[in-house]
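First to last, the sequence lines map onto chains A and B.
In terms of the UniProt record's numbering, the first sequence is residues 1 to 318.
In terms of the UniProt record's numbering, the second sequence is residues 1 to 223.
Keep in mind that the hints were calculated from the coordinates and are not lab data.
Note that the coordinates shown come from a computational prediction; the quantities given were computed from them, not determined experimentally.
Don't take every hint at face value.
[Unchecked claim] Lysine to aspartate or glutamate pairs mimicking DMTMM-like chemistry, simulated, CA-CA at most 25 Å apart:
(1) B:K200 to A:E79
(2) B:K131 to A:E79
(3) B:K200 to A:E202
(4) B:K131 to A:E300
(5) B:K200 to A:D176
(6) B:K200 to A:E300
(7) B:K201 to A:E202
(8) B:K200 to A:E256
(9) B:K200 to A:D26
(10) B:K201 to A:E300
(11) A:K239 to A:E300
(12) B:K131 to A:E202
(13) A:K68 to B:D50
(14) B:K106 to B:D50
(15) B:K201 to A:D26
(16) B:K106 to B:D86
Here is how the chains run, residue by residue.
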Amino acid sequence: MNRTGLVYDERFLLHDTGLYHPECADRIRVIYKHLVETGIIEKLVVIGAEKANQRWIEQVHNIHYIMKFEESCMYGLTEFDHPDNAICRDTYETAFLAVGGVLKAVDRIMDGTIDNAFCAVRPPGHHAELDKPMGFCYFNNVAIAARYVQQEYGIERVAVIDFDVHHGNGTQHTFDSDPSVLYYSIHEHPSFAYPGTGREFETGTGKGKGFTVNSPVLPGRGDNDYCKLLTQDLVPAMKKFNPEFILISAGFDAHETDLMSGTMLTADGYDFISNLMMNLANRFTDGKVVSVLEGGYNLEVLPVLVENHIRTLAGLRR
Amino acid sequence: MFVKERMATGLVTVGPEMKILEARQLMIEKNIRHLPVVDDAGQLLGLVSDRDMRDAMPSRLLEPQDYKNSLEKIGNNTVSDIMTVDLLRIFPYYTIQDTLLLMQKKKVGAFPVVNDEGTLQGIMSTRDLLKAFVNVLNIDEPGSLLCIVVENKPGQMKKIVDVITEENISLGSVLVARYWEKGKRAVFPYLLTNNVITVKKRLQGLGFEMIDPMQWYIDQLPS
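I would like the entire structure built from these sequences, with the hints used as guidance.
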């Protein structure tokens, strides 16, 4: 059994996206409730969030963008740059807490308090670009954490694995030309799904050529293609890269009941992914892995998928 | 969409007396596949394509010394010796659709665009056309594709567009395609959003069939 951290903070609920937005506070409310009801919470080290130091956010985002974000929230605007990106007055602070929560999970792993962690944070992050919010994301939690791991702890090679059903354009672009971060993403094919990037031929630029790997999955292909592509694309890339730390962009929106996508992944498919993640972590990073919530919008299925994922992280599979 | 808005302008052009080796260097440096040849008044005389150029060059298979000798022999030839003069020209007021059909029919890679006086205005190549279609499809902007099966009767598109409008979503593009079932069409709206859940639910509520992803899968299997 592993000591697994759970980053959760009631203040994550303060980011209010309005009445009909899929990225709603209920998402993590139901996750937390489910973890309490199933009793799993007692086997986890619950970690509250604290606001990230802005200098870490500036490692990924432009200062003018950060200021524009703060300003938009202060003005009381209800969207930021695009109707997808719903905001409220508290969104800015909440985004700082989400980043801070992930960084704290990194700290706890590095000081030996825990072995690995799942961060039930919101807003999500992997679409957020240097100077642009996109697809419900404002600060790129995982990209910032990758920089943090490298700079605060002198770790050289960080692998980011993104299994949200959408391509993590923001993360890919952050590390496009950086050979010290391997970005791997498996997602619904960009001709069908948001945001329209993450094609097979996007493999990094300049010195980072070969350190970006994308596995697009056609609609309806489900578990079979996920297993096949992860085995054939991710595993060799990890062997070659030999990471010292793994960060996961964990999206549960590829599930067959999630209307956000058509990939038709089942709970078994998600189990395969979670098991693979742990095997990779055990093989390469001495078990050091921080998994961060991105998407997942079916409120009935999301908590169960997260439970399964956490059970695998904690070594609690039935 | 007219050729005028989509053609490449600010072209590198040469006079008919330029030596071919110099022109070749220019094409390599500027990464161009079609070099227009114009007179002093800007009248289009011909076009040197990269194939014209390659045809004029000695074979790479020759011994180095033979290659060098051959190059020297053609050193005094000018672009007017190798340019294509029998050109299909198009005009700025042609549409993108004209160009597309013409390209398919004539199997050429680029058309020079001239005005009514014959003065060169630009070039429209397959590359420019591809760029135009990326723009038309709007796929260089983030969005999601819906696949909807509709009955082939009037008024269907309106219902779809109404839902999209009411959800305050920008439309990137819409493709309509023949469907495998008779009397039906497939409509593919490209929505500039990540947020497709409500739209999908509402369309399904109106009785529209979203193309079943499993159908895709079955179609891909060998029969």
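Hint-by-hint comparison with the structure:
At most 25 Å may separate the alpha-carbon atoms for a hinted pair to count; B:K200 and A:E79 meet this at roughly 22 Å. With a CA separation close to 31 Å, the supplied pair B:K131 and A:E79 exceeds the 25 Å bound. With a C-alpha separation of about 29 Å, the suggested pair B:K200 and A:E202 falls outside the 25 Å cut-off, and the hint is violated. With a C-alpha separation of about 43 Å, the suggested pair B:K131 and A:E300 falls outside the 25 Å cut-off, and the hint is violated.
With a C-alpha separation of about 33 Å, the suggested pairing of B:K200 with A:D176 is violated against the 25 Å cut-off. Of the supplied pair hints, the one linking B:K200 and A:E300 holds, its CA atoms being roughly 18 Å apart against a limit of 25 Å. Restraint check: the Cα-Cα separation between B:K201 and A:E202 comes to about 33 Å, which exceeds 25 Å; the hinted pair is violated. Taken as a hint, the B:K200 and A:E256 pair is honoured in the structure, with Cα atoms around 15 Å apart against an allowance of 25 Å.
Distance hint between B:K200 and A:D26 is fulfilled; the C-alpha atoms sit about 21 Å from each other, no more than 25 Å. With a C-alpha separation of about 17 Å, the suggested pairing of B:K201 with A:E300 holds against the 25 Å cut-off. Under the criterion of a C-alpha separation no larger than 25 Å, the hint pairing A:K239 with A:E300 is inconsistent with the structure, at around 36 Å. Taking the CA atoms of B:K131 and A:E202, the gap is near 18 Å; set against the 25 Å cutoff, the hint holds.
Of the supplied pair hints, the one linking A:K68 and B:D50 is violated, its CA atoms being roughly 49 Å apart against a limit of 25 Å. Using a Cα cut-off of 25 Å, the hinted pair B:K106 and B:D50 holds, with the two alpha carbons roughly 18 Å apart. Between B:K201 and A:D26 the alpha-carbon distance is near 19 Å, which keeps this suggested pair within the 25 Å criterion. Taken as a hint, the B:K106 and B:D86 pair is honoured in the structure, with Cα atoms around 13 Å apart against an allowance of 25 Å.
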